[in-house]
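Asker: Since the structure of chain X is provided, determine the placement of chain W on it from the hints.
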Amino acid sequence: MSDAPANLIGPIHLAAATIHRRVVEMGADIARDYRDGDLLLVSVLKGAIVFVADLARAIDLPLELDFMAITSYQQDSGSSDHPAIRLLKDLERPLRGRDVLVVEDIIDTGLTLHYILRTLALREPRSLEVCTLLDRPYRRLVDIDVRYVGFTVPDDFFVGYGFDYRQLHRNRPDLSLLHI
Amino acid sequence: MTEDTPTFAEDTPAFAYYRGARPPRFATQTELDAAKILDYYRVPWEYEPRTFILASDIAGNILEAFTPDFYLPDLDLYLEVTQMKQSLVTTKNRKVRRLREQYPDIRIKLLYKNDFIQLAKKYDLAPPR
Numbered sequence: 001m002s003d004a005p006a007n008l009i010g011p012i013h014l015a016a017a018t019i020h021r022r023v024v025e026m027g028a029d030i031a032r033d034y035r036d037g038d039l040l041l042v043s044v045l046k047g048a049i050v051f052v053a054d055l056a057r058a059i060d061l062p063l064e065l066d067f068m069a070i071t072s073y074q075q076d077s078g079s080s081d082h083p084a085i086r087l088l089k090d091l092e093r094p095l096r097g098r099d100v101l102v103v104e105d106i107i108d109t110g111l112t113l114h115y116i117l118r119t120l121a122l123r124e125p126r127s128l129e130v131c132t133l134l135d136r137p138y139r140r141l142v143d144i145d146v147r148y149v150g151f152t153v154p155d156d157f158f159v160g161y162g163f164d165y166r167q168l169h170r171n172r173p174d175l176s177l178l179h180i
Numbered sequence: 001m002t003e004d005t006p007t008f009a010e011d012t013p014a015f016a017y018y019r020g021a022r023p024p025r026f027a028t029q030t031e032l033d034a035a036k037i038l039d040y041y042r043v044p045w046e047y048e049p050r051t052f053i054l055a056s057d058i059a060g061n062i063l064e065a066f067t068p069d070f071y072l073p074d075l076d077l078y079l080e081v082t083q084m085k086q087s088l089v090t091t092k093n094r095k096v097r098r099l100r101e102q103y104p105d106i107r108i109k110l111l112y113k114n115d116f117i118q119l120a121k122k123y124d125l126a127p128p129r
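As given, the protein sequences belong to chains X and W, one line each in that order. So the first sequence is residues 1 to 180, counted in my numbering. So the second sequence is residues 1 to 129, counted in my numbering.
Here chain X stands alone, though its shape is the one from the complex (with noise of 0.2 angstroms):
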């Protein structure tokens, strides 16, 4: 692949198989958890979307997809006065009486999380409970109840497996630790 200095991806931290297995087991218990419910995965892109996808299909209930979008403080902070987060795609799906699990990459922070949370409650779901592929909880500013967690990982930056470096790399399969 053209693209980021070779030298900035790293090894491999979790390969492909590794992931499958993980993804099939947090498949199987929310498949457990959820069976009496009326279950809508919703995922952030673009970072969680090769996840939710593999998620989707690993859960065998029948359930629902939705995607929502928001901005990054990265992109944003110098658009205007007053930059604060917002949605740039919203949900097609209402949220209301259903079981909602947000289904993120990563949770740092647990800024964009907290952001998400606050605003999907409003609408009223059932149930608001939140799956992460990776859990970085080093710099926690809010803390999250979160029901299921793939990895906790150490105090680096990824690639690969829907993680980009530039909008790029999201389709590795594997995810590799990203030197910037």
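Nothing false has been slipped in among the hints.
Taking lysine-lysine pairs in the DSS-like style, the calculated list, with each CA pair at most 30 angstroms apart, reads:
| hint | chain 1 | residue 1 | chain 2 | residue 2 |
| --- | --- | --- | --- | --- |
| 1 | W | Lys92 | W | Lys109 |
| 2 | W | Lys36 | X | Lys89 |
| 3 | W | Lys36 | W | Lys109 |
| 4 | W | Lys36 | W | Lys92 |
| 5 | X | Lys46 | W | Lys36 |
| 6 | X | Lys46 | X | Lys89 |
Note that these hints are calculated values from the structure, not bench results.
Answerer: The following block gives chain W in isolation, referenced to the frame of chain X:
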């Protein structure tokens, strides 16, 4: 602006989620960056709203006190930020430890230089010097 160049009130941008009565007077770039991040994520914040007495003599004179940089009322969390490395913040660590001991109901988190290096990468901020 550097760690040694305070940001005074008249230089400070307006913040939508600041909940204090008077404009904050940030002491460091790190504090300003932290305020910008909190504001961006719509987290209400106050700047140095409370000083905790850590030690006093028998006459009631304050011997040691600690004023955390931020208070986040919605999260009921105090936040202290520093550009110093974790290994060099002995005094600050001790104050945070004493605060936790003496005010067990108070929740406080301390972010070090390395935390801000990582946050700078994530949020595209100028890295701390």
